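First to last, the protein sequences are chains A and B.
Note that full-length UniProt numbering has the first sequence beginning at 1, numbered continuously upward.
Note that full-length UniProt numbering has the second sequence beginning at 1, numbered continuously upward.
Please keep in mind that the hints were generated in silico from the structure rather than gathered at the bench.
Because the structure is a prediction, the values reported are computed rather than measured.
Not one of these hints is a red herring.
Calculated cross-link-like contacts (lysine-lysine; reagent style DSSO-like; alpha-carbon spacing at most 30 angstroms):
hint, chain 1, residue 1, chain 2, residue 2
1, B, 29, A, 259
2, A, 221, B, 104
3, B, 97, A, 221
4, B, 29, A, 221
5, A, 58, A, 12
Here are a few chain A residues that sit away from chain B, every Cβ distance over 12 angstroms (derived from the structure):
hint, residue
6, 7
7, 15
8, 186
9, 227
10, 259
Even glycine gets a Cβ: it sits at the ideal position worked out from N, Cα and C.
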Amino acid sequence: MAIQITKIFKKKKASILERWMQNQLAHVGLREDLISNDDLRADSSELIVTLLDTLNEKNLDDPDSSDFDPVVELLNSLSLSRARQGFSPRETGLFIIGLKEVLIGVLQEEIIDHKELADLSLKVHRLLDNFSISTFEAYIKGREEVILRQTDEIAEISTPVIRVWDGILALPIIGTLDSARTQVIMETLLTEIVESGSSIAILDISGVPTVDSLVAQHLLKTVSATRLMGAECIISGIRPEIAQTIVHLGIDLATIITKSTLASALQHAFKSLRLEVRQQRIDSVLSRVKPQ
Amino acid sequence: MITPVILLSKDNMTVLREQDVVPFRNRVKEYAIKIRMGLVNQTKLITAASELARNMLKYANGGIVSIETIARGRESGIRLTFKDEGPGIADVNLALKDGFSTGKSLGLGLPGARRLASEFEINSEIGKGTKVMIIKWANG
Numbered sequence: 001m002a003i004q005i006t007k008i009f010k011k012k013k014a015s016i017l018e019r020w021m022q023n024q025l026a027h028v029g030l031r032e033d034l035i036s037n038d039d040l041r042a043d044s045s046e047l048i049v050t051l052l053d054t055l056n057e058k059n060l061d062d063p064d065s066s067d068f069d070p071v072v073e074l075l076n077s078l079s080l081s082r083a084r085q086g087f088s089p090r091e092t093g094l095f096i097i098g099l100k101e102v103l104i105g106v107l108q109e110e111i112i113d114h115k116e117l118a119d120l121s122l123k124v125h126r127l128l129d130n131f132s133i134s135t136f137e138a139y140i141k142g143r144e145e146v147i148l149r150q151t152d153e154i155a156e157i158s159t160p161v162i163r164v165w166d167g168i169l170a171l172p173i174i175g176t177l178d179s180a181r182t183q184v185i186m187e188t189l190l191t192e193i194v195e196s197g198s199s200i201a202i203l204d205i206s207g208v209p210t211v212d213s214l215v216a217q218h219l220l221k222t223v224s225a226t227r228l229m230g231a232e233c234i235i236s237g238i239r240p241e242i243a244q245t246i247v248h249l250g251i252d253l254a255t256i257i258t259k260s261t262l263a264s265a266l267q268h269a270f271k272s273l274r275l276e277v278r279q280q281r282i283d284s285v286l287s288r289v290k291p292q
Numbered sequence: 001m002i003t004p005v006i007l008l009s010k011d012n013m014t015v016l017r018e019q020d021v022v023p024f025r026n027r028v029k030e031y032a033i034k035i036r037m038g039l040v041n042q043t044k045l046i047t048a049a050s051e052l053a054r055n056m057l058k059y060a061n062g063g064i065v066s067i068e069t070i071a072r073g074r075e076s077g078i079r080l081t082f083k084d085e086g087p088g089i090a091d092v093n094l095a096l097k098d099g100f101s102t103g104k105s106l107g108l109g110l111p112g113a114r115r116l117a118s119e120f121e122i123n124s125e126i127g128k129g130t131k132v133m134i135i136k137w138a139n140g
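The shape of chain A in the complex, shown without the other chains (with noise of 0.2 angstroms):
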């Protein structure tokens, strides 16, 4: 006579929560501090529940039947959940693992005869390590949106424009500039030399580590942009090994303003503003102070 297996499970149903939930709690890894124990006993209830409907003596051999989708997409919004809440893989990986120890302890109970004890741990073994797969593809999708949203953050705060004169924009560039990152910084470049009505936009490229044939192209085109927009464009931050690069390049960039420093450059974009720095004259700071 077959043993009934998903019997045992389901006449067990509250000692496997219970065993389940001691392991847990008892392991030197519990993130108390990430999730509160009744979350935990909510999340594995749950579990176990949708675990133990959705099982029967047909779909035991068969981990990948259909039958299982409610858990599985129950274990991956779990376990993204998870990796969005900043869990380790392997504190995702052992919820579902200690699941499957449990679960076999009731079966080691329960069933006398070592041959069938064997043949129905290993369906069991099958079919929880199937799940925990699958945990760690959800969890690793999880982790691939928190970068990719990452990713998206970082574009949008690495193109500030600054006003750092009435009438000059500076626009500081860092890391590499692909196409998709030239597109956003002219757009954010154009709208602000309109909002602000500047003539004198400066480029500095200090925090570009490479500059290739690509990059000069992106920043041509943008020089252009902003030309077409009644502004002058101002390239700053060349470094010495950069300019030296570019020569040998053989990209030409003479028909556009380059400066050494951001300071040089705001200097040309106050000259040809027509405005000046002066240092104030201690003669006349101290006549101030002490009137004769």
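Starting from the structure of chain A, add chain B where the hints point.
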């Protein structure tokens, strides 16, 4: 007499996406720093590497680059070999001319990389792919 080139270390890297270019450049930089290459030569090597990697991506959908540390006599250097299985280059001499491009770029990648490197070699076969080898000596 030609002094033989000795291979000291070798590493392969695949460049298949735009995102692979930056890690690849960083890897080249690590190797250049290891052989104490000066900042200017480092920048030249990295820029040439960047040009060639981008070419490979743009025209051949990527390929494999081997990064090697080599020595010839007392000099040490970095040898990069870019191998792709793309369409190949119809006229290599034309492609090495400044300002020539079948894409919409400045047409400076290949000739620029040749000027930036100490030694440059290109082999291309239509329909089979292109192989570009550059060497930059630490003091060259």
